[in-house]
Structures are given as structure tokens and as C-alpha cells.
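Engineer: Protein chains in written order, with the numbering used here: chain A, 1 to 389; chain B, 390 to 778.
Don't read these hints as lab results, they were simulated from the structure.
Among the hints, a few may not be true.
Label-pair distances were calculated between CB atoms; the ranges are [stated by the list, open to error]:
1. Val745(B) x Thr118(A): 31 to 39 Å
2. Leu200(A) x Tyr593(B): 41 to 49 Å
3. Gly558(B) x Asp207(A): 29 to 37 Å
Listed next, the in silico DSSO-like pairs over lysine-lysine satisfying Cα-Cα at most 27 Å (straight line) [as the list claims (entries may be wrong)]:
4. Lys624(B) x Lys239(A)
5. Lys239(A) x Lys628(B)
6. Lys179(A) x Lys460(B)
7. Lys88(A) x Lys179(A)
None of these values were measured; they are calculated from a predicted model.
From the three backbone atoms N, C-alpha and C, an ideal C-beta is built for every residue, glycine too.
Number of protein chains: 2
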Amino acid sequence: RDTECSGDGPGRAAVDFPVAVILPAGGSGERMGLPTPKQFCTILNRPLISYTIQAFERLSWIGTVVVVVAKENHDLMLNIVREFHHTKVKVVHGGTSRHRSVFNGLQAFSNSTDDSLTPKPKVVIIHDAVRPFVEEDLLLKITLAAKEEGASGAIRPLVSTVIATTLEGYLDHSLERAKYRASEMPQGFLYDIIFQAYQLCSEYDFDFGTECLHLALQYCGTNAKLIEGPPTLWKVTYKRDLAAAEAIIKENLSTSACVITEAAAEAVELAGTLQKNLATQGMVLVGVSSPELFLRLDMHLFESSREMKEKVKLNTTKRSFDTQKTDEITTFMRLASEVKQANVQLYGIQIDHTKVSELWERSAARLADITVALIRDRNPALIGQLLQA
Amino acid sequence: RDTECSGDGPGRAAVDFPVAVILPAGGSGERMGLPTPKQFCTILNRPLISYTIQAFERLSWIGTVVVVVAKENHDLMLNIVREFHHTKVKVVHGGTSRHRSVFNGLQAFSNSTDDSLTPKPKVVIIHDAVRPFVEEDLLLKITLAAKEEGASGAIRPLVSTVIATTLEGYLDHSLERAKYRASEMPQGFLYDIIFQAYQLCSEYDFDFGTECLHLALQYCGTNAKLIEGPPTLWKVTYKRDLAAAEAIIKENLSTSACVITEAAAEAVELAGTLQKNLATQGMVLVGVSSPELFLRLDMHLFESSREMKEKVKLNTTKRSFDTQKTDEITTFMRLASEVKQANVQLYGIQIDHTKVSELWERSAARLADITVALIRDRNPALIGQLLQA
Ligand SMILES: [Mg+2]
Ligand SMILES: [Mg+2]
Chain A
1 RDTECSGDGP
11 GRAAVDFPVA
21 VILPAGGSGE
31 RMGLPTPKQF
41 CTILNRPLIS
51 YTIQAFERLS
61 WIGTVVVVVA
71 KENHDLMLNI
81 VREFHHTKVK
91 VVHGGTSRHR
101 SVFNGLQAFS
111 NSTDDSLTPK
121 PKVVIIHDAV
131 RPFVEEDLLL
141 KITLAAKEEG
151 ASGAIRPLVS
161 TVIATTLEGY
171 LDHSLERAKY
181 RASEMPQGFL
191 YDIIFQAYQL
201 CSEYDFDFGT
211 ECLHLALQYC
221 GTNAKLIEGP
231 PTLWKVTYKR
241 DLAAAEAIIK
251 ENLSTSACVI
261 TEAAAEAVEL
271 AGTLQKNLAT
281 QGMVLVGVSS
291 PELFLRLDMH
301 LFESSREMKE
311 KVKLNTTKRS
321 FDTQKTDEIT
331 TFMRLASEVK
341 QANVQLYGIQ
351 IDHTKVSELW
361 ERSAARLADI
371 TVALIRDRNP
381 ALIGQLLQA
Chain B
390 RDTECSGDGP
400 GRAAVDFPVA
410 VILPAGGSGE
420 RMGLPTPKQF
430 CTILNRPLIS
440 YTIQAFERLS
450 WIGTVVVVVA
460 KENHDLMLNI
470 VREFHHTKVK
480 VVHGGTSRHR
490 SVFNGLQAFS
500 NSTDDSLTPK
510 PKVVIIHDAV
520 RPFVEEDLLL
530 KITLAAKEEG
540 ASGAIRPLVS
550 TVIATTLEGY
560 LDHSLERAKY
570 RASEMPQGFL
580 YDIIFQAYQL
590 CSEYDFDFGT
600 ECLHLALQYC
610 GTNAKLIEGP
620 PTLWKVTYKR
630 DLAAAEAIIK
640 ENLSTSACVI
650 TEAAAEAVEL
660 AGTLQKNLAT
670 QGMVLVGVSS
680 PELFLRLDMH
690 LFESSREMKE
700 KVKLNTTKRS
710 FDTQKTDEIT
720 TFMRLASEVK
730 QANVQLYGIQ
740 IDHTKVSELW
750 ERSAARLADI
760 TVALIRDRNP
770 ALIGQLLQA
């Protein structure tokens with residue numbers, strides 16, 4: 001699922017026409033009660049919008065990603081593009097409403113042969129900056145349906161009954177839930193259709209409309225094809241959604257790991273126990289090899305489909321606690337702080353070397369618990385700590 | 390906001406009639422992809438449903454809480470009631486649909502003078518087991534409106550556009566978002582009205598209906614009063630929602646703390662720095678006092694409105710790392726494991742006593758970071774660890 005894989009993924013064969021993306025990211029953080037607009041809130045040291053951009057950028061069949069931001073966030077956005085090495089992003093200024101922002105995004109493409117502009121794509125995907133978990137299979141369905149039908153959109157079942165209210169704030173009637181759907185993102189359009197819809201629509205539409213599919217229907221007579229998406233399409237809206245998104249990202253990150261030990265029987269046994277214990281918590285160890293020196297255990301999280309660069313290393317030594325010198329601990333903490341620059345999180349876990357099998361088993365179980373805790377929480381405040389299994 | 394406070398809260402004066410609660414909790418965990426139905430999933434070692442029950446039980450003006458569970462979860466539910474000391478709960482078996490379960494709950498109350506049944510309340514509140522964050526002010530509004538108008542319900546703005554689909558899966562039309570609302574929980578009813586509605590409604594309603602407000606309107610002609618609720622009313626539905634709920638509970642838990650240090654200048658200074666650093670992360674230290682012995686720092690999380698019993702203690706000693714004996718660490722870990730039985734999480738943080746103010750400040754800042762990390766994560770796998778600030 002990394003960039004290399006995606007190049008050979010299903011999309012490459014199926015999509016033989018230019019596809020671009022528009023990501024409106026002009027929203028403010030008001031609803032969350034946060035000073036930072038939610039698309040710029042960081043999860044594991046990376047802004048939410050960078051995850052979303054990455055979800056598109058990793059697909060070889062997707063071209064330009066136009067990010068539409070408020071003028072005051074222009075520099076912030078350019079910094080994110082630089083820091084996270086985004087290569088397909090074009091930053092455009094937003095308008096005073098969502099529809100105006102999307103239209104600004106569409107105008108970043110050229111209908112003419114003016115070389116200073118990016119040529120217009122056949123299909124344009126419109127998505128939200130705050131829906132980071134969009135997968136290739138859905139994007140493919142949306143894109144192909146848009147090409148065929150002119151417009152397409154992701155839908156989800158309604159989670160609550162929808163009701164109409166009277167002016168006085170009483171129930172007027174409730175809708176039969178089965179007949180309606182929630183309209184979500186992504187949506188796809190033939191570029192010419194959505195561009196024409198925006199050219200024809202009214203000022204009222206621009207200021208108060210919320211639904212691009214509606215514009216395509218009203219102004220171009222195009223009934224969008226609707227495609228059911230997964231629950232992970234949800235929109236990160238409230239502060240609690242950041243915690244939910246973090247949990248998903250951590251889970252994606254923590255599914256495989258690699259352990260290196262020396263050949264000693266205890267080390268191999270330890271790796272085996274760790275493997276068994278991690279497996280019960282949904283993690284998999286994918287390799288065990290043996291360097292020399294002392295009892296040592298390195299844990300490396302493989303880069304996931306989201307291409308996170310974080311790694312967790314666990315270091316186990318045979319030496320017992322009371323012979324350890326303060327300056328060794330200082331050295332370890334300094335090392336931890338150095339490798340942190342390279343996005344490696346280094347923690348130490350010390351395990352007593354004992355022949356009493358009961359104690360050894362308990363320590364091995366603790367080692368696994370602590371390992372899982374460190375990987376799951378990835379807490380930078382605990383980097384460089386020497387823990388005891 | 391604990392039980393004592395609520396006794397004198399706004400509800401006590403305003404509600405001079407009997408109020409009961411029905412909590413349908415018969416759902417399965419299918420949607421989450423979890424083996425455990427979501428209402429029984431634990432957050433910080435406590436099942437979700439116990440938080441929800443607690444939200445009602447703490448209010449003195451609320452009487453019986455009828456929990457409607459699937460037959461196979463009856464014993465599980467009774468165990469939860471015992472373990473978390475719930476005092477107002479009556480467990481009833483559910484039916485094959487939500488409406489049947491609610492009706493079973495209503496039938497737990499007596500219309501007659503039969504002493505074996507709980508007398509019927511004036512107003513009954515219907516809520517979801519998986520919406521744990523319901524506050525007294527909203528419950529009060531719902532209850533008083535139900536008493537006045539016969540029925541009332543919490544609503545929220547729609548987060549997505551609602552669309553009608555054609556049979557072939559295309560967009561038919563989209564609804565104007567501003568005219569509709571999502572119907573949420575809690576809802577309130579005069580007992581006689583909702584009971585009558587269930588007696589009159591059809592088998593089709595029982596099997597396919599989803600909306601109690603609709604039954605009250607259709608069968609009793611009662612237009613429910615609608616009351617806007619806060620976003621925290623959302624329904625814990627997916628696995629990610631458990632992470633979101635945990636984040637909210639942790640945040641509620643971690644808002645105040647108490648530090649005890651000795652009178653030494655360093656200790657007082659340390660407490661001051663900690664206070665300042667915690668404040669920037671949204672935590673407040675509410676007291677500093679001084680016992681004797683060595684440089685020591687105890688951190689105690691006050692019980693929040695949710696009456697969680699977890700506490701975090703941090704212990705700081707002057708002795709430096711290399712003079713420490715293995716058996717002292719073992720003793721510390723044993724102590725940690727003992728107090729864990731009483732729901733006290735004990736971690737050690739060691740800080741080097743130095744006159745170099747630059748080093749001291751850095752250590753103090755690290756102390757605060759580690760403290761916040763431990764409190765926020767509350768990870769049981771790290772209990773008994775001796776960390777270095
Ligand atoms: Mg995903
Ligand atoms: Mg709350």
C-alpha cells in the first residue's frame with residue numbers, strides 16, 4: 001500500500017484519463033472549540049490535512065491536488081507541503097463559502113492552452129481535508145462512475161432519524177430512515193459538468209448551498225451515481241474526533257514489527273514470548289535475526305500504508321539495575337534525544353536475567369505489555385526512559 | 390457535580406414528580422466489528438453502560454433506571470450493577486426490536502397497585518446505553534418539557550446533507566439542510582402517553598419503526614417539544630468512538646491535581662514549575678503542602694463529576710540513580726502492584742538534585758511532561774516504573 005505498490009494497483013490499469021483533486025480546507029476551528037482549524041491540528045506530529053493529501057498523493061493515477069485555504073493560512077500550508085514532502089499540491093485561496101472555495105479550486109485549471117495553468121483534468125474529485133481515511137478502492141469507484149455518469153458521490157446510512165420541525169420548535173414529521181442517505185465525500189465529476197454548474201448557479205447557491213451533487217443535478221441535469229462508503233469516511237469535526245483519528249492511525253501503524261535478538265537461548269525464547277503476547281493484542285512480529293554483543297531487542301515498526309516515519313526501538317541489556325552508572329543513563333537519554341531528530345523513538349526496557357522460570361515468564365509477559373503500551377501510546381514524553389520488565 | 394452536589398442541584402427544586410429512565414441495551418457489537426456489544430466494552434476498566442447509568446444515578450430527582458438487555462447478557466449486567474455499586478437499576482429482558490425492548494421496559498412499571506412492581510412514574514426518559522455523556526441541565530429540560538407537552542426530544546443539526554435516492558442508486562433530490570434536524574436521545578414522555586402509543590401501534594411499527602417521537606405523534610397526537618443538545622450526545626457506534634469516549638473521560642478526569650512537597654526551596658520551586666507547566670496543558674494544581682522526610686511529590690487526581698476512583702501518584706526522591714539498590718526497585722514495584730488493587734496508579738519519577746539552574750529547569754520541565762503523559766495515558770502497563778526527569 002505504499003507509493004510503489006499503488007503504482008501497480010488497480011487504479012493504474014483502469015484510469016487512463018487525467019484525474020485531479022480539490023480539497024477545500026478553509027474551515028475554521030470554531031466547532032471544535034480549538035484555536036487551530038481542525039485540518040491543521042496535528043496527530044502524531046503531523047497535521048491532519050497532510051494525512052489526507054497523502055491518501056491521494058500515493059496513488060499514481062491521481063495528478064494535481066488543489067488545496068484551497070484561507071489567505072491567512074497560505075504560508076502555514078506551504079510549510080506543511082515542504083515539511084512532509086508533498087509533491088502534487090497546488091495551494092489556492094478560498095472564498096467566503098464552501099461553494100466559492102471549490103469554484104476557486106476548479107479555476108486553478110486551464111480551459112485554454114495557457115501554459116502557466118495546469119491543464120484541466122477529465123475527472124475532478126472533491127473531498128474534505130478533514131476526512132483522512134479514504135482508500136483507493138472507493139476513489140476508483142467514484143472516479144469511474146463520474147467518468148461514466150457525469151457525477152458520483154459517497155453515501156452512508158443515516159445514523160439518526162431525520163425530522164422536520166415546526167417554526168415553534170415542535171416535531172412536524174419524521175422521515176422514514178430507510179428511504180434516505182447521508183451524502184458524504186469524496187464526490188467525483190466530469191470537470192466540464194461541475195465547472196458549468198458553478199458558472200450557472202445563483203449567488204444564493206454560492207452563499208447557502210452545501211451540496212455539489214445538487215448543483216450538477218439542477219444546472220446540468222446530471223443525476224449522480226451514489227456509492228456506499230465505509231464508516232471511516234467520517235468527518236473529523238469535534239475535538240473527540242482527533243482522538244478517534246489518532247486511534248485509527250496508531251492501529252494502522254502498529255500492525256507489524258521486527259525483532260532482532262542475539263542467538264542466546266534466552267533471547268530467542270524472549271522473542272518467542274513477545275511474539276505470542278503481541279499477537280494476542282493484534283500485533284505481528286515479522287522477523288527475528290541475531291546480531292552479537294549482549295541480549296538486545298530492537299523493535300522496528302514497518303512503514304505503513306500511510307508512510308509514517310515513526311519507529312519504536314526497544315533495547316534490552318543483561319546488566320542489572322544497581323551496577324548501572326548515572327552517566328550511562330545520561331548517555332542513553334542523549335542517544336534517544338539524538339535519534340528523535342530522525343523520528344526514531346527510543347525507549348529502554350531492562351529485563352533481569354534469571355534461571356527461575358516463573359520469574360522469567362512474568363518478566364517476559366511484562367516486557368510484552370510495556371512494549372505494546374509504548375507502541376500504542378507513542379508518547380514522546382517517555383522517550384529515553386529506562387523501564388524495568 | 391458528585392452525588393451529594395446533585396442532591397442540591399437545580400433538578401431537586403424543579404422536579405417534584407416521579408421520573409424514571411429506560412435504557413435499551415440489547416444491541417450487538419456487529420457494527421463495530423467487536424466481539425463484545427459496544428455498551429459492554431470497557432473504558433478505563435469500566436463498561437460503557439456503567440458510565441451511562443451513573444449519569445442518571447447521580448441525580449437525586451431520578452428514580453429507577455430500567456436497563457433492558459438481551460437474555461444472554463442478564464448475568465453480565467447484574468455483575469456490572471454489583472461491581473460498580475449501582476443502586477437504582479432494574480434489569481429487564483429485551484425484545485426482538487428496539488421498540489419491543491422499550492415497551493418491555495415500560496411494562497416493568499405498574500399501572501395497578503400490585504406491590505411487586507415499581508409504581509409508574511409521571512415522566513419516563515428514554516436514552517441510549519451508548520451515550521454516556523448526558524448532563525443534568527439537558528435532562529432537566531427534557532423532563533420538564535415532557536411534563537408540559539407530553540413528549541420531548543433532543544435534536545442536533547445535520548452534519549451531512551440528506552439525500553433521497555432512486556431505486557437504481559442515483560440521486561433523486563437533496564433536502565435543504567436547514568429545515569431538518571437529527572433526532573437524538575434523550576427523549577422524555579408522560580408515562581401514560583408513551584405507554585398508550587405502544588399499546589396502539591402496529592406490528593409493523595414494532596418491527597421496523599425507529600422513532601418513539603413518531604409513535605407519540607401518530608397514536609396520541611402529541612407533537613414533541615424539540616430541544617437542541619450538545620455534540621457530546623453522540624452515539625458510541627464504531628471502535629473509534631471508544632477512543633473518542635476515552636479521551637473525553639480522561640479529560641474530565643485530569644483537570645485538577647494536588648501536589649505535596651517538603652518545605653525545601655527546591656521542592657517549592659519544583660511544585661511551582663510543575664503547576665505552571667501543567668496549566669499550559671489544561672491541568673490545574675489546586676494545593677501545595679509540605680510533609681517532612683525527603684523531596685517528595687504526590688499527585689492525586691480529584692474525583693470528577695463522573696466519580697471515577699482512579700488516582701495517579703507521583704513520587705520523587707533525592708537519591709540518585711546509581712546508589713539505588715535492585716531490591717528497592719523491587720519494593721517499589723511491589724508497592725505499586727499493591728496500591729493498584731485500590732485503584733491507585735503509582736509511578737516513580739526521579740529528579741537529579743542539582744545547583745546548575747539550567748539543568749534544574751530542564752529537569753523540572755521534563756517532570757511536568759512526564760507527569761502529564763502518565764496522567765493522560767493512565768497506562769497500567771507502566772505502573773511501578775521509575776522514570777528519570
Ligand atoms: Mg484506512
Ligand atoms: Mg460531559
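Engineer: Taking the numbered hints from earlier one at a time, note which ones the structure violates and give those numbers from smallest to largest.
Structural biologist: 1, 6, 7
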